[in-house]
Amino acid sequence: METDSPALRIRHLIKVFTRPAVDGIDLTIAPGEFYALLGPNGAGKTTTLRMISGLILPDQGTIEVFGIDAVAQPRRAKQLIAWLPDEPLLYDKLTVAEYLEFIAGLWGMEVRRAEHNAEELLRRLDLWQHRDERCEGFSRGMKQKAALAGALLHEPRLLILDEPLTGLDATIAREVKDLLLERARSGCTIILTTHIMEVAERLVDRIGIIQRGRILVEGTLEELRTQAGRSNATLEDLFLGLVSQHAGTL
Amino acid sequence: MPWMLHHELRLYLRSGVVKGTSLISLIIVEVLLHLMAAAVAFAVRAAGASGGSGTPAALPALLITGGLAFSFLFMLSRSLNGIVQVLYTRADLDLLLSSPMAPKSVIGVRVFTVALTVTLEVGMLAWPFANMFVLFGMTAWLKLYVLLPALGMLATSLGIVLALTLFRLLGPRTTRLVGQVLAALIGMGIFVLSQLPNLLRNGRARGPASGSGFGALLSANNGHFNSLLIPGRLVLEGYGPTLLLALLGAAVLMLTVQVLSGHFMHAATAIGGMGSTRPTRPSVRPLRFRSSLRIVLIVKELRLIRRDPLLLMQLLQQSIYLLPMSLVLWRQSVGRSGGVPWFWLVIIFMCGTLATALAWITVAAEDAPELLTAAPPDRATVVRAKIEAALLPLVPLWLLPLLIIGRSQLWFALLLGLCAFGCSVSTALLQIHRPPGKRGGLKTRGRGSPGKAFIEMGLIIAWILACGLLTWIGLLLQH
Numbered sequence: 044m045e046t047d048s049p050a051l052r053i054r055h056l057i058k059v060f061t062r063p064a065v066d067g068i069d070l071t072i073a074p075g076e077f078y079a080l081l082g083p084n085g086a087g088k089t090t091t092l093r094m095i096s097g098l099i100l101p102d103q104g105t106i107e108v109f110g111i112d113a114v115a116q117p118r119r120a121k122q123l124i125a126w127l128p129d130e131p132l133l134y135d136k137l138t139v140a141e142y143l144e145f146i147a148g149l150w151g152m153e154v155r156r157a158e159h160n161a162e163e164l165l166r167r168l169d170l171w172q173h174r175d176e177r178c179e180g181f182s183r184g185m186k187q188k189a190a191l192a193g194a195l196l197h198e199p200r201l202l203i204l205d206e207p208l209t210g211l212d213a214t215i216a217r218e219v220k221d222l223l224l225e226r227a228r229s230g231c232t233i234i235l236t237t238h239i240m241e242v243a244e245r246l247v248d249r250i251g252i253i254q255r256g257r258i259l260v261e262g263t264l265e266e267l268r269t270q271a272g273r274s275n276a277t278l279e280d281l282f283l284g285l286v287s288q289h290a291g292t293l
Numbered sequence: 008m009p010w011m012l013h014h015e016l017r018l019y020l021r022s023g024v025v026k027g028t029s030l031i032s033l034i035i036v037e038v039l040l041h042l043m044a045a046a047v048a049f050a051v052r053a054a055g056a057s058g059g060s061g062t063p064a065a066l067p068a069l070l071i072t073g074g075l076a077f078s079f080l081f082m083l084s085r086s087l088n089g090i091v092q093v094l095y096t097r098a099d100l101d102l103l104l105s106s107p108m109a110p111k112s113v114i115g116v117r118v119f120t121v122a123l124t125v126t127l128e129v130g131m132l133a134w135p136f137a138n139m140f141v142l143f144g145m146t147a148w149l150k151l152y153v154l155l156p157a158l159g160m161l162a163t164s165l166g167i168v169l170a171l172t173l174f175r176l177l178g179p180r181t182t183r184l185v186g187q188v189l190a191a192l193i194g195m196g197i198f199v200l201s202q203l204p205n206l207l208r209n210g211r212a213r214g215p216a217s218g219s220g221f222g223a224l225l226s227a228n229n230g231h232f233n234s235l236l237i238p239g240r241l242v243l244e245g246y247g248p249t250l251l252l253a254l255l256g257a258a259v260l261m262l263t264v265q266v267l268s269g270h271f272m273h274a275a276t277a278i279g280g281m282g283s284t285r286p287t288r289p290s291v292r293p294l295r296f297r298s299s300l301r302i303v304l305i306v307k308e309l310r311l312i313r314r315d316p317l318l319l320m321q322l323l324q325q326s327i328y329l330l331p332m333s334l335v336l337w338r339q340s341v342g343r344s345g346g347v348p349w350f351w352l353v354i355i356f357m358c359g360t361l362a363t364a365l366a367w368i369t370v371a372a373e374d375a376p377e378l379l380t381a382a383p384p385d386r387a388t389v390v391r392a393k394i395e396a397a398l399l400p401l402v403p404l405w406l407l408p409l410l411i412i413g414r415s416q417l418w419f420a421l422l423l424g425l426c427a428f429g430c431s432v433s434t435a436l437l438q439i440h441r442p443p444g445k446r447g448g449l450k451t452r453g454r455g456s457p458g459k460a461f462i463e464m465g466l467i468i469a470w471i472l473a474c475g476l477l478t479w480i481g482l483l484l485q486h
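Read top to bottom, the protein sequences are chains B and X.
Whatever position you read off the first sequence (first residue = 1), add 43 for my numbering.
Whatever position you read off the second sequence (first residue = 1), add 7 for my numbering.
Chain B extracted, bound-state conformation:
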């Protein structure tokens, strides 16, 4: 693993299903950066994230995670990554503690470290009292928190989140946002997709707007405003303007 490598470097990534879902994306994210990939439905956000996570293989292009070729050496790359989709990857018949034990086993964690991390995360996410309850009885928010605990358990260096705040109430959404910010501050690289512009506006360092499998613009919020020539525009205004502007050109 190269120490001075970017957390994520994608070059000319292409994935075609019936039509191109991802059409030549180039993207570089620095270690410790909090990055949001925004775009309308069907823009290619989830497909891009799934390729980075090793869930689907790209048709063309390269993906490097901290200098590791994620396509050629998926096991090494996956060791550094955590993937959290919008639908929590849980087992209804397992308790939270058992689920975390399973995750620790999958990532080959040392037992003491796993137990310590699990307790810390469960306490942090207010799930400690519920650790011996099966996930089937949990609300949507509790399930998402349990899945987040699973994703953070092995201290991933690259955290990939697909719509992590969908369907969460305000309290739980705040808890999740706070935890993500904490992780970003402690050096974890985070890339997320969201339809909630306010989340991207307040949480992330850089934003990429994707449409029809291509990144239209990327940069900090200020950079996006400068590029659009609208110094006081909200992210929502910028996003809607860009998407409608490029709707006919791509």
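Careful: at least some of the hints might be erroneous.
[Unchecked claim] Under the rule of at most 25 Å between Cα atoms (straight-line distance), these lysine-lysine pairs were calculated in the DSS-like manner:
1) X:Lys-445 - X:Lys-459
2) B:Lys-136 - X:Lys-459
3) B:Lys-136 - X:Lys-445
Source of the hints: derived by calculation from the structure; they are not laboratory data.
Since we're looking at a predicted model, the values are computed, not measured.
For chain B, the structure is supplied; the task is to place chain X on it using the hints.
Leaving out everything else, chain X in the frame of chain B:
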């Protein structure tokens, strides 16, 4: 009301037992059933014309009584399941109950749909026979068009009573599970009933009348047995009892809906208001994790199986279905073939079917496949552990012959154990390339790939034959 019935039937056709079955394949099956029925009707008429002296007088009554019992149990099992589903399908029921329609009408239509669908399920198998028998001059078979709906209505009424009784006794959290388990148990009853002739069969008796246990009973003119045939005799007597049964069915169903719709609404409301979290005591245990990936994977699979009562029920069903066959083989093998208890071959079949099901659950019906794909271990490691998890519960079955007949038939017990092991492993390995499925689809997993299901069954039979052949060779060498 008709539009809602139409809506309900459309939902049933798109998500019920005929899911995935196209109209064309349904028509083909019906045509084939009619052809089969025509052959049977022709044979029955020919036997009747030639005097049919070998046929016991009570046989038609027995066939009708048996058919009615079989149909009723099947309908009861299906209707109990249907009523439980009606109670627990939230979004749909909430939508209907929030509309201006009277709740009693909503429940009435739902219940009527259950009665209609269970009737159709049996009717699609039985009515082709009625059609052909009528065509060959046996007009009494027309009664099936009245009898089956009557039974459907009675079974649905009983299904409602059972479901609401369970709700009253167990509450909203447990009723669904126990209801489905009870429906499965009733389904098992059908299979045991269908195996009754085999269980009663006297291995040494032969001949048209005495070739079966029923035959022996019929010829013995057993008083208790004859009283069991009253439904069949009543149906044979004329149209009166049949029409009476139909009227009774309709009256009972209407009365049930009228009397119990309030309770039904209460149950549905209680289920809707049920919280998503179970009140539990706070946890006090510290976290204790295991370190090995293999152990963690195996433990996880065994936990998921152990904690799914419906799944366990389906697995248990597969074994219970084999009990009547084992009994028959045991009775036939006593005192034969140099004392080799051939019925033990059933254990190979049991191991094969259980290994197939368990390996399908662990490998193909993974609840979170993306989690495993996103994790570092390669697929081969994960699948190996999953197959091990599927085979672990079968270890006692591999050892059972050794423990029970090891003293008297050591070589046969060893051979059985080895073949049971081989059958389990080979059938489990077949599941590696099965398409992904959901645990709930255990029973219907063969629909998507009938070829693979055929190969699985062929493999199990091959292991049984191999064991039988080796045993036979062993016997030859002994003598």
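Here is what the structure says about each hint:
1. A threshold of 25 Å between alpha carbons decides the hint, and for Lys-445 of chain X with Lys-459 of chain X the separation of about 17 Å falls inside it, so the pair holds.
2. Proposed proximity of Lys-136 of chain B and Lys-459 of chain X is contradicted: the alpha carbons are some 29 Å apart, above 25 Å.
3. Proximity of Lys-136 of chain B to Lys-445 of chain X is assessed by CA-CA distance (about 14 Å); at most 25 Å being required, the pair is judged to hold.
Hint 2 from the list above is the single one not met by this structure.
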